[in-house]
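Colleague: Taken in sequence, the protein lines are chains A and B.
If you read the first sequence in the numbering used here, its first letter stands for residue 30, the second for the next number, and so on.
If you read the second sequence in the numbering used here, its first letter stands for residue -15, the second for the next number, and so on.
Just so you know, the hints here were simulated from the structure itself, not pulled from any lab data.
None of the values given here were measured: they were computed from a predicted structure.
Just so you know, even glycine gets a beta-carbon here, dropped at the ideal spot from N, CA and C.
Among the clues, some could well be false.
Below 16 Å or equal to it, Euclidean Cα-Cα: the simulated EDC-like pairs (lysine to aspartate or glutamate) are [stated by the list, open to error]:
| hint | chain 1 | residue 1 | chain 2 | residue 2 |
| --- | --- | --- | --- | --- |
| 1 | A | K108 | A | D39 |
| 2 | B | K63 | B | E(-2) |
| 3 | B | K68 | B | E51 |
| 4 | B | K41 | A | D126 |
| 5 | A | K131 | A | E155 |
| 6 | A | K153 | A | E49 |
| 7 | A | K154 | A | D126 |
| 8 | B | K68 | A | E139 |
| 9 | A | K36 | A | E139 |
| 10 | A | K113 | B | D28 |
| 11 | B | K63 | B | D17 |
| 12 | A | K113 | B | E26 |
Example chain A residues on the side facing chain B (calculated, C-beta under 10 Å, incomplete) [what the hints assert, rightly or not]:
| hint | residue |
| --- | --- |
| 13 | F60 |
| 14 | K108 |
| 15 | L112 |
| 16 | K113 |
| 17 | L144 |
| 18 | E145 |
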Amino acid sequence: MKAKDVKFEDIKKGDSASFETIVTENDLKKFAELSGDYNPLHTDEKYAQGTEFGGKVIHGMLLGALVSRFIGMELPGKKALLLKETLEFKKPAMVGDVLTVKGIVVHKSEGVRLLELLMEIRTKKELLVSGAVFVRVLF
Amino acid sequence: MGYFLLCGYKLIMEKFNEIASKSFGIPLTDIKDSLTPKDISEWDSMNYLLFIAELEKQCNISFSMDEVLNAQSLGDVRKALQTKI
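Excised from the complex, chain B in its bound form (with noise of 0.2 Å):
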């Protein structure tokens, strides 16, 4: 992977755990890919929906609606954005 690659794709991966931290209300130290909705009380429907569409404004991709319904944890949706950058 090339040095302004790697830099793209680290920026994005920042900018994921941002998004997740706001959208789920936990610190960004806190941000695990194992997260899933059990372990955070703040992903619900609403948010989990806002939190998508938050991701796909700030990274300039879409998600297709199986990779939304079928992501059991934070680490599932960054595997989903990985497959787009």
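Isolated chain A (complex conformation) (with noise of 0.2 Å):
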């Protein structure tokens, strides 16, 4: 996969961009091995069907991981250097769900190439994730 290059000086408040995935099983097991973060509402199916989600929960940071995807790969691509992300986890994802990843520019500072992006993770019903991520964009 190759990243966007979208050009700061191309950038404008209110300009967006965003990508649907799916979340496998696959990815929940590599993620767990990747971090360490085995809890069993992500990796223990029969545990997490008895809890109040009715099944395993895609790993928070992993749906951050998706936010680094947007900004590395779309928004700006290229040149991005993230320097803050926030987040809140509003509602669980789960395996299977077709996520869209959403920025828009909110704020664009000429001086220090910086931009203030609003970051949504939502199904098609509702919203999952929102936050605010603040990216640097290199010459």
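Hey, can you piece these two chains together into the complex? The hints should help.
Modeller: If you want it as structure tokens, here you go:
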């Protein structure tokens, strides 16, 4: 996969981008291995079914990684340097959900080549994650 | 300077102090123009960039790259801001 390369000069307040993805069982397994977070809510179907969620919940930081993918691959892409990310996990994301990751530029700081974007991760029905990121666009 | 201009100026300077206080995690009463990165442990490159970006956003101004890179103290940033209001 090749990162997009949106020039800082071409970005303006209100610009947005998005992508769709589905987190699979295998993604969850790989993320647990990578992070070391084997909490049964993410890895044990039997346990997870007995919780209020009724099944395995995607790690919050895996969703955070989708935000990283958005910044690094979509907007601004190649020249991105993520400085700060704040996320609120409003509802659980489940394996197999079709997730739309969307970001919109709400502020562009010329002096330090910095963008502030509002981020959302949602299914067709509901908002699961909202937050903000601050990204520097390198030369 | 007219009364309304003076009020606007004062408000922006108060805003500057609030943003500096929040960005660098120091009490509002400790904000001084003489403060430099050596005096403020939270003044790292990331917090400085976020500080400048927040000033631009809240005060609806833009700094040049030179102004951002040449500022050595809070007072230098304030001076750069003062030229824009």
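Colleague: Work down the list of hints and note, for each, if the structure agrees.
Modeller: Hints, one by one, checked against the model:
no.: 1; hint: A/K108 x A/D39; verdict: holds, 13 Å
no.: 2; hint: B/K63 x B/E(-2); verdict: holds, 14 Å
no.: 3; hint: B/K68 x B/E51; verdict: holds, 12 Å
no.: 4; hint: B/K41 x A/D126; verdict: violated, 36 Å
no.: 5; hint: A/K131 x A/E155; verdict: holds, 13 Å
no.: 6; hint: A/K153 x A/E49; verdict: holds, 11 Å
no.: 7; hint: A/K154 x A/D126; verdict: holds, 11 Å
no.: 8; hint: B/K68 x A/E139; verdict: holds, 14 Å
no.: 9; hint: A/K36 x A/E139; verdict: holds, 13 Å
no.: 10; hint: A/K113 x B/D28; verdict: holds, 13 Å
no.: 11; hint: B/K63 x B/D17; verdict: holds, 9 Å
no.: 12; hint: A/K113 x B/E26; verdict: holds, 15 Å
no.: 13; hint: F60; verdict: violated, 26 Å
no.: 14; hint: K108; verdict: violated, 15 Å
no.: 15; hint: L112; verdict: holds, 5 Å
no.: 16; hint: K113; verdict: holds, 7 Å
no.: 17; hint: L144; verdict: holds, 9 Å
no.: 18; hint: E145; verdict: holds, 7 Å
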